[in-house]
Amino acid sequence: MLRKLLLVGAVQGWAFWGLWKTHELKVWPATDALSERALLYFAVAVPLVIYLTEGIASLTRQRRLFILGVIAILFPLLGAYSGWVDDISVRLSDFIPFARPSDALAAMVLGFVLIPLLAHFDSKARSWSYHELFETAWRNVILCISAAFLTATFWMVLFAGSELLHLIGLNFMR
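Number 562 in our numbering belongs to position 90 of the sequence shown; there are no gaps in the numbering.
Bear in mind the hints are in silico, worked out from the structure with no lab data behind them. Please note: incorrect hints may appear among the correct ones.
Cross-link-like lysine to any residue pairs, in silico, SDA-like; alpha carbons within 20 Å at most [to be verified]:
{"no.": "1", "residue 1": "K493", "residue 2": "T503"}
{"no.": "2", "residue 1": "K493", "residue 2": "F514"}
{"no.": "3", "residue 1": "K493", "residue 2": "V483"}
{"no.": "4", "residue 1": "K498", "residue 2": "W556"}
{"no.": "5", "residue 1": "K476", "residue 2": "F514"}
{"no.": "6", "residue 1": "K476", "residue 2": "Q534"}
{"no.": "7", "residue 1": "K498", "residue 2": "W486"}
{"no.": "8", "residue 1": "K498", "residue 2": "A552"}
Predicted model, so just to flag it, every value in this text is computed and none were measured.
Could you put together the complete structure from these sequences and hints?
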């Protein structure tokens with residue numbers, strides 16, 4: 473399980489690096505807001521679905537792949553729509569922002585709500601178990617807060633180390 477999550481994280485990091493590099497070099501997909509935003513939303517959403525559905529006891533492999541497929545189709549479409557909406561302002565300013573905060577917030581809320589709903593839908597009873605929905609949603613909140621805290625701590629340590637090295641005259645970290 474850990475190796476799979478590490479591999480997913482490495483591939484996600486590689487995808488983000490590739491998107492950033494194309495943005496820096498001004499080559500496709502960075503030259504097309506629609507494509508860049510669709511790829512960005514895909515690179516964010518698909519690994520998050522893998523992370524947030526890992527370890528849910530009642531989730532079968534088939535249901536997990538279904539959730540992954542739904543998100544893998546839906547979120548690039550949301551990203552493409554976001555890029556399409558921004559396309560006019562991009563033509564005027566010749567700068568493609570990575571994502572509008574309002575679109576990203578709406579996508580985050582949709583993903584956060586959609587994952588437990590898709591994970592715990594009982595097709596025979598055509599209903600959801602409130603207990604399982606709440607448990608999964610609460611688990612995902614705790615996971616996201618923990619990940620944000622650990623990421624912030626990691627970056628604070630890196631910046632503190634950089635400043636300490638700068639104080640003694642070593643500037644290779646800047």
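Hint by hint, here is what the structure shows:
1. K493 <-> T503: Holds, at about 12 Å.
2. K493 <-> F514: Answer holds: K493 to F514 is near 17 Å, not above 20 Å.
3. K493 <-> V483: With a Cα-Cα distance of about 15 Å, the restraint between K493 and V483 holds, given a limit of 20 Å.
4. K498 <-> W556: Measuring from Cα to Cα gives roughly 18 Å; hence the hint holds.
5. K476 <-> F514: 18 Å, holds
6. K476 <-> Q534: With Cα atoms ~17 Å apart, K476 and Q534 stay inside 20 Å; holds.
7. K498 <-> W486: Holds, at roughly 18 Å.
8. K498 <-> A552: 18 Å, holds
Checked against the numbered hints above, the structure violates none of them.
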